[in-house]
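Use the sequences and the hints to build the structure in full.
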Amino acid sequence: MMNWIRKLGANSLGQVEEIGEVVRFGGRILLATTRPPFRWRSFMAAVFDSGVLSVALICASGLTVGFVLGLQLYNTLARFGAEDSLGTAVGLSLIRELGPVLTGLLVTGRAGSAITAEIGAMRISQQLDGLRMMAIDPIHFIVMPRATALAFVMPLLSAIFVALGISGAYLIGVELLGLDGGSYLAGLESAVEFRADVLQSLVKSLIFGLLLGLIATWRGYSCEPHSAGVSRATTSTVVTASICILLADYLLTALWSI
Amino acid sequence: MTEAEAEFGHVEVRGVALAFGHRRVFDGLDCDFARGRISVLMGGSGTGKSTLLRMIGGLQKPDAGSVRVAGDVIETLDEAGLAKVRNRLGMLFQNGALLDSMSVFDNVALPLREHTDQAESEIADRVHDRLAAVGLLDVDDLLPGELSGGMLRRAALARAIVTEPEILLCDEPFSGLDPPNVSRIEALLTHLNRDRGLTLIVTSHHMATSLRMAHRILLLRNGGCVEGSPAELASSRDSAIREFLGKDGAEHLSRLGREAQGAKG
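Respectively, the protein sequence lines represent chains U and V. Reading the first sequence from the start, the letters are residues 2 to 259 in our numbering. Reading the second sequence from the start, the letters are residues -8 to 256 in our numbering.
No lab work stands behind these hints: they were computed from the structure. These figures come from a predicted structure and were not determined experimentally. Glycine included, every Cβ here is placed at the ideal spot set by N, Cα and C. Treat the hints with care, since some could be wrong.
Derived Cβ-Cβ restraints for the label pairs, each shown as a range [to be verified]:
{"id": "1", "chain 1": "V", "residue 1": "Ser226", "chain 2": "U", "residue 2": "Met3", "range": "58 to 66 Å"}
{"id": "2", "chain 1": "U", "residue 1": "Val53", "chain 2": "V", "residue 2": "Gly35", "range": "49 to 57 Å"}
{"id": "3", "chain 1": "V", "residue 1": "Ser57", "chain 2": "U", "residue 2": "Val53", "range": "44 to 52 Å"}
{"id": "4", "chain 1": "V", "residue 1": "His206", "chain 2": "U", "residue 2": "Gly21", "range": "45 to 53 Å"}
Which bits of chain V does chain U cover? Going by a derived footprint, with three or more residues having C-beta under 8 Å, they are [as the list claims (entries may be wrong)]:
{"id": "5", "stretch": "77 to 85"}
{"id": "6", "stretch": "94 to 108"}
Structure, rendered in structure tokens:
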């Protein structure tokens, strides 16, 4: 029993210690963004890797989610004779929740895990130590451009997801099921507000991007220095970032509605 | 350089203790690396040769004791302080540690681009000069992954010396090299030491080359070290030293010892 309590205590202390280290690491990234030179070339390369190369996945996912939403919501709304509200329902659910959250989860799986694996591989092959020995800060040179790129691309990818989702639902509702196109778009236009919906969506995506940037780079930077360690860190990035994104979504939604 | 300057400890290790879990690597290690001299670290696998180099570079903190590099106590420095010290150091890692997403040219040019205001043409000249010195030609656009092990190590050495450091830490510089390239790297390191006063700390299992180059040899064992000039080690009756050096090393040392005696006579 005492052993069990001792282990629990040690684990809890370890967790608290790691949170402290993550916060300190985040502070170092923030500080690195203010220290010249800003690594534009690395930043653009990371935007390409995390953003541009994710566009196809985001488009396909957005369109598919739009199809499903169009079909499900049309059938549900039709029971109450409210199928004209399809544009409103699709628009609000995609812009406020599904767009930022699903984009966050998809980018976590595609780009976040890749960044962890890349930095982890650099750690085990001593490339980060090599940079340190040249008096080059790996956080400034390697971590900061990748973390900021994730925060930069997330709102853009989320916007693409939402646009494709709304288009997908339009195709199903209007072109396939015969809903009036004008009423779909009018419902969408009248229901969506900039501050309450669009701004909330963009802020959420930005925060998800910041969270993912921090978690993905930290896991790679601090992974155990062997291949199994990189593999564990990559898995941990996906799990931790997904949970953090879902929790943050709840908190942000609650805060926004105050 | 006067004899007094040469004997001044450029790197001083005092009472260093370090353990990885239950395995004790150093237990009160004391040693000095003189300014402008070539010191060769020897010892069996796991005796802490690479770890000692990492400590000197500030990449590994000791559990106890201190490491002083050119007057600065390494373990008391923050990242900014360490960066200042590292500007005076070069390090060749055992696996090269080149950035695998950058070409060989960009890897070697990186410290110059980061720490100097040199024009790109000057940087290119310097990079090509260093690559030629290690025997690498026409490799500018290759990625590290496209080089052989020996070429990779030589490219890493070019990067380590491109900023003309005061102290060069080399982890197994001859490993994986063919005989002509061993001679080339030996000549290059000896030249840098003699003509530019570079303090060189080398770990090596390449017995003959190390013994030829070394001003001092430090044999790491049992958490501490035995040190001396090659001639002193040649006359050592310590069976552990003779066993480690083996037949070839002992013969080589005896020859060096006889040569030293002859020179005195």
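Consistency of the hints with the structure:
Between V/Ser226 and U/Met3 the beta carbons are some 60 Å apart, a value that agrees with the proposed interval 58 to 66 Å. Hint check: U/Val53 to V/Gly35, Cβ distance near 51 Å, so the stated range 49 to 57 Å holds. Between V/Ser57 and U/Val53 the beta carbon distance is about 50 Å. The supplied range of 44 to 52 Å therefore holds. Range check, V/His206 to U/Gly21: Cβ separation about 47 Å, and the 45 to 53 Å hint holds.
Counting residues of the stretch 77 to 85 of chain V whose C-beta sits closer than 8 Å to any C-beta of chain U gives 6, which meets the bar of three, so the coverage hint holds. For the stretch 94 to 108 of chain V, the stated coverage by chain U holds: 4 residues have a C-beta nearer than 8 Å to a C-beta of that chain, and at least 3 were required.
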